[in-house]
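Participant: One-letter residues, chain by chain:
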Amino acid sequence: MRLIIPLVITFTAGMIMILNYFVPHQPFRLLGDNLQEWFLIVASGAIFLGAANLMHVHFRKIRLKLKNWKYSPVTIIGFLVMFVLGLIYGVVEGKPFDFLFLNMVAPMGATMFSLLAFFVASAAFRAFRASNWRATLLLTSAFLVMLGQVPIGAMIWDKIPLAKVWLMSIPNTAGQRAVMIGAAMGVVATSLRIIFGIERSYLGGAD
Amino acid sequence: MPSKIPFFVAACDYTLIGEELFAASAYLSREPKLLGSLKGQDAAKLFFVILIVIGVIAATVGNYWSPLKSFAEFLRKLVTVN
Amino acid sequence: MAGFIEKLGNTDRRIIFILIALSVIIPISLNLIFPNPVGAEPSRDLFEYVDALPEGSNVLVSFDYDPSTMPELQPMAEAVVAHLFKKNANVVGMALWPQGASLGQDAMSHMADSLGKVQYEDWCNLGYKSGGGVMIVRLGSSMSAVFPTDKDNVPWSEIPMLRNITDLESFSLIISLSAGDPGIIAWVMMGGDRFGVPIGGGCTAVSAPTLYTYLQTGQMVGMLGGLKGAADYETLVGIKDGQAVRGMAPQSVAHLVIMLFIIIGNVAYFTEKKKGGAR
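Line order of the protein sequences matches chains A, B and C. Its first residue numbered 1, the first sequence is counted upward by one per residue in my numbering. Its first residue numbered 1001, the second sequence is counted upward by one per residue in my numbering. Its first residue numbered 2001, the third sequence is counted upward by one per residue in my numbering.
If we strip away everything but chain A, and leave its shape as in the complex, we get (with noise of 0.2 Å):
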């Protein structure tokens, strides 16, 4: 019983959206529609757990002394604060949670996503060697587009540009649709495995 129940959910709801897709007459829109909203519901219900699950995290961390507990508090004042500020002034342009957004998180969330620049031209230093005809080719055409990405190919010489479009538009495109072929084929395998209740994985164990 504890299985069968899951499953049944699980079947009936895939097939009332896949049935939804091909028949947009009722009662599948209806039904689909309503599915579709609680779905909206459920996942705005999931930004309560994981702020839960993260304050509970953090303050075991404090508790037990973990690694790296000293970061922690700091984590927990941050939330509480624009959490705070956010309920009694609000979250509309002007007000404290948008000058703290805009002045405080969103330089510091761009300045850590900045850092990846550094490593990725170590990791280019140490990583491209032409060590065989495949690397060869894909330090040539990365130097292609590098160049072609900023003004200075143009400067260099103006066909750079073209190159580069012609590298992204074919040869490219033509690996990143047979990479995006076999993902999607791999998606409706398991979407189907899990409809069908063949993969319960998702079910925590209770195989």
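Read the hints as simulated data drawn from the structure, not as lab findings. Keep in mind that the hints are not guaranteed to be accurate.
In silico SDA-like pairs for lysine to any residue, Cα to Cα no more than 25 Å straight-line [claimed, not checked]:
#1 1077(B) with 181(A)
#2 1045(B) with 181(A)
#3 2129(C) with 21(A)
#4 1033(B) with 196(A)
#5 2240(C) with 2032(C)
#6 1077(B) with 2049(C)
#7 159(A) with 2045(C)
#8 1077(B) with 177(A)
#9 1069(B) with 2193(C)
#10 1045(B) with 192(A)
#11 1069(B) with 2217(C)
#12 2087(C) with 2053(C)
#13 1045(B) with 183(A)
#14 1039(B) with 197(A)
#15 1033(B) with 4(A)
#16 2273(C) with 135(A)
#17 2129(C) with 29(A)
#18 1077(B) with 25(A)
#19 1039(B) with 190(A)
#20 2274(C) with 138(A)
#21 1033(B) with 181(A)
#22 2275(C) with 127(A)
#23 159(A) with 2256(C)
#24 159(A) with 2048(C)
#25 1077(B) with 23(A)
#26 1039(B) with 175(A)
#27 95(A) with 2130(C)
We have chain A; now place chains B and C onto it with these hints.
Facilitator: Relative to chain A, chains B and C alone:
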């Protein structure tokens, strides 16, 4: 993620791309479920490869012979959703 | 000589970090600006499509990114919104990512103030709702069911510009500025293919190669790829002193420095290989 593949290929010795991940898990575990899914995926891929090859020939030769052009158009409409 | 080249090949990565930092700091401090010619790129395709929209068209702009990708996508957002305002389009903003709503509000209100556009008559921001692709499918049947109010809790029925908008098919174009998933791919799959609305996009340079597949099939009308795409759009729209155009100089110098390092690394590798072979 398809956008990260070049980094992995450049930096790592061996990379599993796209559906090779599903194939690797089926190969290692030998579970009938996974092997069966893999076989199904391969069959679907073969079907699409044949469709693509026929479509490419039809579209290319269709530039010089109009019946093939309408066939290529029919194939294109077959896989277009909207 | 061979020893020197070998040493170069084993350069401490901190030196690489410092040189990359300098290659960005120096052009920015010197206010270096390179001319940015725009060729037959996907960014030109998007510009021409938006330019051909009739006045008063409804356009949905989805700000699907967060602060980490803001340096690439915020200039894009401002350029796209500025162009839409210049074409007198009705701009409806929304977001699939939580922080995108505030970043979109910042871009739209900034451009609206400089171009004299009024909120709720020329533009509005519906805000963020969770759900990704499923939300897009629901928007296809009813927009007001997903967004009963806008970001500032103003009811849908009280916003003048939303009176003739019922679902996704009410829009002439959907532009998604995305940094990952959910983003352009979800819009193309659920919005473009399912409901037939033209989709345009802007994305980080890392995601751009994947999206060329949609350009080729016509599932996307145009695309801005990375900071170059943003700079192209700013040049085409005629934005003076755009952030993206100013970013082209440090990006160019940084690319040249990285290419130099790759060449040095390969020279060191071949020298070592030759030495190892000669032994």
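Participant: Give a verdict on every hint.
Facilitator: Okay, the hints, checked on the actual structure:
Between the alpha carbons of residue 1077(B) and residue 181(A) the distance comes to roughly 18 Å, so the proposed pair stays at or under 25 Å and holds. With a C-alpha separation of about 8 Å, the suggested pair residue 1045(B) and residue 181(A) falls inside the 25 Å cut-off, and the hint holds. A C-alpha spacing of about 22 Å is found between residue 2129(C) and residue 21(A), which places the hinted pair at or below 25 Å, so the restraint holds. Annotation: proposed proximity of residue 1033(B) to residue 196(A) holds, straight-line Cα distance about 12 Å (limit 25 Å).
Taking the CA atoms of residue 2240(C) and residue 2032(C), the gap is about 14 Å. The hint holds against a cut of 25 Å. Proximity of residue 1077(B) to residue 2049(C) is assessed by CA-CA distance (about 24 Å); at most 25 Å being required, the pair is judged to hold. Proximity of residue 159(A) to residue 2045(C) is assessed by CA-CA distance (about 19 Å); at most 25 Å being required, the pair is judged to hold. Our distance criterion of 25 Å between C-alpha atoms is met by residue 1077(B) and residue 177(A), whose separation comes to about 19 Å.
With a C-alpha separation of about 24 Å, the suggested pairing of residue 1069(B) with residue 2193(C) holds against the 25 Å cut-off. Note on residue 1045(B) and residue 192(A): the hinted pairing holds, with a Cα-Cα distance of about 16 Å set against a maximum of 25 Å. Straight-line distance between C-alpha atoms of residue 1069(B) and residue 2217(C) comes to about 17 Å, which keeps the hinted pair within the 25 Å bound. With a C-alpha separation of about 8 Å, the suggested pair residue 2087(C) and residue 2053(C) falls inside the 25 Å cut-off, and the hint holds.
The suggested pairing of residue 1045(B) with residue 183(A) holds, with an alpha-carbon distance near 11 Å, which does not exceed 25 Å. A distance of roughly 19 Å separates the Cα atoms of residue 1039(B) and residue 197(A); the hinted pair therefore holds under the 25 Å criterion. A threshold of 25 Å between alpha carbons decides the hint, and for residue 1033(B) with residue 4(A) the separation of about 19 Å falls inside it, so the pair holds. Our distance criterion of 25 Å between C-alpha atoms is met by residue 2273(C) and residue 135(A), whose separation comes to about 16 Å.
The hinted pair formed by residue 2129(C) and residue 29(A) meets the criterion: a straight-line CA distance of about 22 Å does not exceed 25 Å. For the suggested pair residue 1077(B) and residue 25(A), the alpha carbons sit about 23 Å apart, so the restraint of at most 25 Å is met. Of the supplied pair hints, the one linking residue 1039(B) and residue 190(A) holds, its CA atoms being roughly 13 Å apart against a limit of 25 Å. The suggested pairing of residue 2274(C) with residue 138(A) holds, with an alpha-carbon distance near 22 Å, which does not exceed 25 Å.
Between residue 1033(B) and residue 181(A) the alpha-carbon distance is near 21 Å, which keeps this suggested pair within the 25 Å criterion. Straight-line distance between C-alpha atoms of residue 2275(C) and residue 127(A) comes to about 20 Å, which keeps the hinted pair within the 25 Å bound. Only pairs whose Cα atoms come within 25 Å are accepted, and residue 159(A) paired with residue 2256(C) is accepted, the gap being roughly 18 Å. Taking the CA atoms of residue 159(A) and residue 2048(C), the gap is near 23 Å; set against the 25 Å cutoff, the hint holds.
Taken as a hint, the residue 1077(B) and residue 23(A) pair is honoured in the structure, with Cα atoms around 19 Å apart against an allowance of 25 Å. With a CA separation close to 22 Å, the supplied pair residue 1039(B) and residue 175(A) stays within the 25 Å bound. Of the pairs offered as hints, the one joining residue 95(A) and residue 2130(C) holds, with about 23 Å between alpha carbons and a cut-off of 25 Å not exceeded.
Violated hints for the displayed structure: none, as all numbered hints are satisfied.
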